[in-house]
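Numbering of the sequence shown is given in my numbering, commencing with residue 13 and proceeding in unit increments.
By construction, these hints were calculated from the structure, which means they are not laboratory data.
Careful, some of the hints might be misleading.
[Claimed, not checked] Estimated spans, in silico, between C-beta atoms of each pair:
1) Ile36 x Glu88: 34 to 44 Å
2) Arg103 x Asp64: 17 to 27 Å
3) Gln43 x Asp84: 28 to 38 Å
4) Ser106 x Glu35: 14 to 24 Å
5) Asp107 x Gln30: 14 to 24 Å
6) Leu76 x Asp107: 28 to 38 Å
7) Pro102 x Gly29: 35 to 45 Å
8) Asp107 x Ile36: 24 to 34 Å
9) Leu122 x Asp56: 30 to 40 Å
10) Pro102 x Gly25: 29 to 39 Å
11) Ala66 x Gly105: 34 to 44 Å
12) Ser54 x Asp124: 18 to 28 Å
13) Gly105 x Ser28: 18 to 28 Å
14) Arg27 x Pro102: 34 to 44 Å
[To be verified] Subject to a maximum C-alpha distance of 20 Å in a straight line, what follows is the list of computed EDC-like cross-link-like pairs (lysine to aspartate or glutamate):
15) Lys99 x Glu88
16) Lys99 x Glu62
17) Lys99 x Glu41
18) Lys99 x Asp16
19) Lys99 x Asp87
20) Lys99 x Asp17
21) Lys99 x Asp110
22) Lys99 x Asp56
23) Lys99 x Asp64
All of these numbers come straight from a predicted model, not from anything done at the bench.
All residues carry an ideal CB built from backbone N, CA and C; glycine is no exception.
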Amino acid sequence: MAADDYCYLTTTGRRSGQPHRIEIWYAVEDQTLYLLAGGGRSSDWVRNLEVDPAVTLEIGADELATRARVVDDGDEAELARTLLFEKYQPRSGSDLSDWRQRALPVALDLPDRPSTTP
13 MAADDYCYLT
23 TTGRRSGQPH
33 RIEIWYAVED
43 QTLYLLAGGG
53 RSSDWVRNLE
63 VDPAVTLEIG
73 ADELATRARV
83 VDDGDEAELA
93 RTLLFEKYQP
103 RSGSDLSDWR
113 QRALPVALDL
123 PDRPSTTP
């Protein structure tokens, strides 16, 4: 899951009630998936999830329903920024430092995966 380049996030439109799907970069740490909203709280998808945090996440063939939240904690926000910067800076071809600092971190708490060992 963590190795894919993009994920797809579907929120429910805050006015229309219709699904709103975006392709976005992500990083995973433990049971949390992080996104960065370049437009901050003015991004439509962020405004949607602030009204209704229930989202659908697609990565590769995996799809799951979960809840999203804006990261307000300073330490967790820095972790999110660092994870995404370190994943995408080496392959981006441009300097992502400004994006890292100004983007709004969003977290999706992932369900525990069943163990494959008996």
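Right, here's what the structure says about each hint:
Between Ile36 and Glu88, the C-beta spacing of about 18 Å breaks the proposed range 34 to 44 Å. As the Cβ distance of Arg103 to Asp64 is approximately 33 Å, the hint placing it in 17 to 27 Å is violated. The hinted range of 28 to 38 Å is not satisfied by Gln43 and Asp84, whose Cβ atoms lie roughly 19 Å apart. Restraint check, Ser106 to Glu35: a C-beta distance of roughly 18 Å satisfies the suggested window 14 to 24 Å.
Separation of Asp107 from Gln30 is about 36 Å and departs from the stated range, judged on CB atoms against 14 to 24 Å. In this structure, Leu76 and Asp107 meet the distance hint of 28 to 38 Å, their C-beta atoms being roughly 33 Å apart. A beta carbon spacing of about 40 Å between Pro102 and Gly29 agrees with the range 35 to 45 Å that was offered as a hint. Distance hint check: the CB atoms of Asp107 and Ile36 are about 19 Å apart, inconsistent with the given range 24 to 34 Å.
With their beta carbons about 23 Å apart, Leu122 and Asp56 fall outside the hinted range of 30 to 40 Å. With their beta carbons about 35 Å apart, Pro102 and Gly25 fall inside the hinted range of 29 to 39 Å. Look at Ala66 against Gly105: about 35 Å separates their beta carbons, and that is inside 34 to 44 Å. Roughly 34 Å separates the CB atoms of Ser54 and Asp124, a value that falls outside the hinted 18 to 28 Å.
Evaluation of the 18 to 28 Å hint for Gly105 and Ser28 yields a failure: the beta carbon distance comes to about 36 Å. Between Arg27 and Pro102 the CB atoms are about 39 Å apart, so this pair conforms to the stated range of 34 to 44 Å. Our distance criterion of 20 Å between C-alpha atoms is met by Lys99 and Glu88, whose separation comes to about 17 Å. Under the criterion of a C-alpha separation no larger than 20 Å, the hint pairing Lys99 with Glu62 is inconsistent with the structure, at around 26 Å.
Proximity of Lys99 to Glu41 is assessed by CA-CA distance (about 12 Å); at most 20 Å being required, the pair is judged to hold. For the hint linking Lys99 to Asp16, the alpha-carbon distance of about 11 Å falls within 20 Å, and the restraint holds. Simply put, Lys99 and Asp87 have alpha-carbon atoms about 18 Å apart, close enough for the 20 Å limit, and the pair holds. The suggested pairing of Lys99 with Asp17 holds, with an alpha-carbon distance near 9 Å, which does not exceed 20 Å.
Annotation: proposed proximity of Lys99 to Asp110 holds, straight-line Cα distance about 15 Å (limit 20 Å). Pair hint Lys99 plus Asp56 does not hold up; C-alpha atoms about 24 Å apart against a cutoff of 20 Å. Simply put, Lys99 and Asp64 have alpha-carbon atoms about 28 Å apart, too far for the 20 Å limit, and the pair is violated.
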